[in-house]
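*Asks:* Going line by line, the protein sequences match chains A and B.
Here the working numbering is used: the first residue of the first sequence is 1, the next is one more, and so on.
Here the working numbering is used: the first residue of the second sequence is 1, the next is one more, and so on.
Everything labelled a hint here was simulated from the structure, so no lab data went into it.
Here a beta-carbon is modelled for each residue, glycine too, at the ideal position from N, C-alpha and C.
One or more of the hints may lead you astray.
Said to hold, decoys possible - Label pairs and their calculated CB-CB ranges:
1) A:341 - B:146: 43 to 53 Å
2) B:115 - A:59: 21 to 31 Å
3) B:40 - A:237: 15 to 25 Å
4) A:201 - B:92: 44 to 54 Å
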Amino acid sequence: MSEASHGLGGLKYDPRKKERPQELNVFLALVVIVVAFELIGRLFLGDSFLFNTRENVDTLFNNQRLSIIILQVSIVGIIALGVTQVIITGGIDLSSGSIVGVTAMVTMSFAQTAMVNGNPNPKAIFGEGLMDLPILVPVLVGLACGLAAGFINGALIAYTRIPPFIATLGMMVTARGAAKWWSKGNPISFPTEQYAAIGQGMNPVLIFMALAILFHCVMTYTRYGKHCYAIGSNEAAARMSGINVNAHKVLVYTIAGMLAALAAVVLSSRNLTAQAGMGVMYELDAIAMAVIGGVSLAGGRGSILGTVLGALIFGVIISGFTFLKLDAYYQEMVKGVIIVAAVVLDQWRQRGRVRG
Amino acid sequence: MKKTLIAAGFACMMGTTAMAQDIGVSMAAFDDNFLTVLRNGMIAQGESLGVNLQVEDAQNDVAKQLDQINNFIASGVAAIIVNPVDTNATQAMSDAAAAAGVPLVYVNRQPINVDSLPDNQAFVASNETDSSSKGVKESCRLWAEAGETAVDVYVLQGELSNQAAVQRTQNIYDVIEAGECPVTINVIDQQTANWSRDQAQSLMTNWLSAGAEFDGVIANNDEMAIGSIQAMKAAGIDMATVIVSGVDATQDALAAMQAGDLDITVFQDAAGQGAGALDAAIKLSKGETVEQKVYIPFQLVTPANIGDFLAKN
Chain A
1 MSEASHGLGG LKYDPRKKER PQELNVFLAL VVIVVAFELI GRLFLGDSFL FNTRENVDTL
61 FNNQRLSIII LQVSIVGIIA LGVTQVIITG GIDLSSGSIV GVTAMVTMSF AQTAMVNGNP
121 NPKAIFGEGL MDLPILVPVL VGLACGLAAG FINGALIAYT RIPPFIATLG MMVTARGAAK
181 WWSKGNPISF PTEQYAAIGQ GMNPVLIFMA LAILFHCVMT YTRYGKHCYA IGSNEAAARM
241 SGINVNAHKV LVYTIAGMLA ALAAVVLSSR NLTAQAGMGV MYELDAIAMA VIGGVSLAGG
301 RGSILGTVLG ALIFGVIISG FTFLKLDAYY QEMVKGVIIV AAVVLDQWRQ RGRVRG
Chain B
1 MKKTLIAAGF ACMMGTTAMA QDIGVSMAAF DDNFLTVLRN GMIAQGESLG VNLQVEDAQN
61 DVAKQLDQIN NFIASGVAAI IVNPVDTNAT QAMSDAAAAA GVPLVYVNRQ PINVDSLPDN
121 QAFVASNETD SSSKGVKESC RLWAEAGETA VDVYVLQGEL SNQAAVQRTQ NIYDVIEAGE
181 CPVTINVIDQ QTANWSRDQA QSLMTNWLSA GAEFDGVIAN NDEMAIGSIQ AMKAAGIDMA
241 TVIVSGVDAT QDALAAMQAG DLDITVFQDA AGQGAGALDA AIKLSKGETV EQKVYIPFQL
301 VTPANIGDFL AKN
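Bound-form chain B, shown alone (with noise of 0.2 Å):
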């Protein structure tokens, strides 16, 4: 028994020392469907190159992020894969890394120092300000065919706190103010439903009761697109009189969409951001040179190219 123990044991130290191949991931969130897919897209891309991935849950917090972060430069990774909580708080991860001479790759979020990195550092992601901006002017599309001239929409927006959320709002009237849109659209009201279907169910409900007339109804995500669907099919309203969009092409929006009631969602590609950060780390901690910046472009999913999507998130 006492042998079994002390084998143990050494192998257990054996595996600390085995840690050198090892990559620190730190994710903003593991209950975030679309951080999940990407995160899942990371570990594929693991056990196929057979590296071990060591992936840990900041849980939207930064100041456990950035202690995550010094945890895995004490254990001594060969590099870390950093999704941000928040893209303002990147400066001190990149410090921490950089003094340590360890190995860093931004994922999904651009750091605020982006053009700032050391040369052992670089980032894999998304042009957010390209993000709804896309479905937008798909939006006014369909409301010009439909011969609109002036349309009123509800925005649901996502967490107030996070940059993507403010971006993608921001981003509907970046879209107004520059001409893009053929029709002139009027936000009766915008509120935040936090990301989540099931605010969002509720704050339709809210919103529809007040009983205003409405074209359409532009989300921050798909998951809210989806509860406001849910909240204005309980409410009788014929979907095809209403442009509703959202922004990931889950799964459940893509069936959303195959069942006629979403329209527009655009498609970030969440797993090939993570296999691309994956790739990134595994070169930088080979002391090979990579882009800096990488940008995988948003890409727009309406009925008419669902069939393209359906297997990627």
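Here chain A stands alone, though its shape is the one from the complex (with noise of 0.2 Å):
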């Protein structure tokens, strides 16, 4: 017995078969893609993607192209960690742009200042008596719109059978016309002071990655994240193995509604406004991240380092084309073969471990 053996019928462990993880590709892709653009800016443009080339700042990296890269895409990156969780378990969530709608129109309504400019505020949902509110009933207000969302996509998927394709699709729909309904799709405006300091400066970028890095514990060291991972890989052998899968799928999808209000909250707060059309697209947004990530949607597969790495590789695409003065055009275009691209590979990477 000179060869390490596992298991039953004599499995080998074979060191040379040992892959990469998923995450690290993430990672080189992310780096091709970074170097790619520091190379074009500087062959095209005789300027720099990631170092600072302007003569009034004293910095050697361009500080505020680095944070508007992480900035931009830490709202639907909130999203997408819920996303990820679901999609783990074997699911989707399409409602969770929706919900960011309908939780931003509620929870604004909730934190408005009565004065603007010594002016009466002109855009005021509730009388006197409901304005200026402590931070905290705004905030407790939309979590428990995403909280009622995402039990109600859960209970319906894990209780009557519907697929979570259809379940929150139906969510998406109703969620949006909702966020429409709210104030008959007026813009909500005019946050007091307090609301309007939750989404600025970093704030952003600090509340995504303090989430990221709890989610990632959760799910690396706790039950609930074994069991995701288990209810997504095989649902009936969970289910054998006593873990009680619905009740699983409820808190799943609550989580991913709580953190699309969370979302919702930065959003509103950072724009200092609410508008029925705000989330648009942001579930695919935070789908294609997840998937870019190296989740796979057929469950089981992925992380939310992966994820996180995802998202930064959108917003420095973003960026890069912005930098590049290429129109939006190209960046969808781009954005959209990319996500294709991830699936692809990791296709083949799962076709080559099926092979040995």
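Two chains, two frames, some hints: make the complex.
*Replies:* Below, the structure is given as structure tokens:
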């Protein structure tokens, strides 16, 4: 017995066949894209993507660009954290963008200030008594919206057995309707200073990173996380082994709903306004971030770290194209190609693994 | 119980026969700020006249809008008001309404077939070629006043598939070419932020990271102008050194102007357009003749005359 053997049937452990973790591949892709923008910039524009070339600023890197790269994907990134958990359990959530819309409207209604530039608030939704409320009120109301929507998603999927695609599609349409109905399409603006502070500066990034670390630990070290992977890999086996699959699904979708609601709070605060059209297509961006980050739509595979890297790739592409002064058309086309390429590469890797 | 149900059923049927006095309205989008003001203006006018409006949301979908119009025709409405999703797609709508003999009024966006409308069709709108040019000319005046001879600007565009966005951007170049700007305008970059404050904020921050000197921002609407202001303020730029202009004169924009951040916007009488369209539709449904083209002018809004507009949109 010179070689180590594991398990039954004399399966042998061959260190040469040990594959690179998926996250490392995503990270390498990120590096390649950054280097590509840097080179194209140097060759064709005579400007640097990463490093500072401005005379009035004295830093090595272009810190402003580095911060916007992550800032502009933080809010969708928060949603993607929830969507990642949903996809790992083998589900899908199409409703997050609409949950953002309705939550932003409801939350902002409770976050309004009574006086704007010395005049009464021209966008007031409620009367005097419900204005200038402490910050906790709108935030809790917002989280409650997300909790309710997520719980309905989860309960429908777990107990009526309709496919997650249909249940969350229904929620997507319903919640968007509710967002438009809430104030009959009128935008809601002028929040209190306290509320406005939530999304200012780099706060969205801090919130995104804190949540990413939290859920990375949850998915890696807790029973909740292990159950997510177990259900996504083989739901029947998970049920046989005693996991309460239905209750777990409700919990996963509820968490995803609350993360979407939190994103809505940050988004409406950062923009100082809530509009019924907010969050349109965010669900697809969030799913794309997860997929680019190596989360398998078949369930059971992927990680929060991968999704964070996927979000960064998104951010680099947006900033890179603005840096190259290329129009938005190209941005969208490249984004589409990258999403498909990520999944094709992933499929090849999986097939390779099955063959051994 | 059965009797109540039967009574309710009859009431419903009577409701449908009463549809003859109804007016069907198909809006391009419910979640657009400006169109919401227009829609509310129309609904308020309808309530004061005692007319029943059935308002549908075409969700920016040309095909959906045509379906809605055909549904209105099928349910026998007295007249139809359309806020076209795409001004190039109006011929089919005019044809469908004309074939059924139902009066049709276009509102806010000028249909492509405006010169060949049948007698019982009309349109009430503002002339988009007029919109942002007023703001651009005012920006030019302010730059010239500050002693500039050449300025660098960023241009924030609306959705690229939208006629108004294309026109409002074109207006900038038309003003320059017509020699109506006393200073030389150099557009550093122009990109779309899809009418959205959030996207404009990110786009502006991306531009700022390139560190180029600039003198102004010209936005296709107020929401994007406000987004760019938020990005500039976050980067510590003194708003007195930059001329920012938008279009729409929304409440948020007027508040930004009062705070000294936004310099110029252009007012379009949304509620007036909505009410005007409804009046025309009612007259047409009674067989009266109306003016077929009603242009409602854009008006320049600056800190000097902001007081006239605070209560309007």
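*Asks:* Please check whether residue 201 of chain A and residue 92 of chain B have a Cβ separation lying inside 44 to 54 Å.
*Replies:* The hint (44 to 54 Å, Cβ to Cβ) holds, given that residue 201 of chain A and residue 92 of chain B are roughly 50 Å apart.
*Asks:* If you check the beta carbons of residue 40 of chain B and residue 237 of chain A, does the distance land in 15 to 25 Å?
*Replies:* Violated: the Cβ-Cβ distance is about 56 Å, outside 15 to 25 Å.
*Asks:* Mind checking the hinted window 21 to 31 Å against the Cβ distance between residue 115 of chain B and residue 59 of chain A?
*Replies:* This hint is violated: roughly 59 Å between Cβ atoms.
*Asks:* Holds or violated: the 43 to 53 Å window for the beta-carbon distance between residue 341 of chain A and residue 146 of chain B?
*Replies:* Holds, at about 50 Å.
Comparing the model with each numbered hint stated earlier shows that hints 2 and 3 do not hold.
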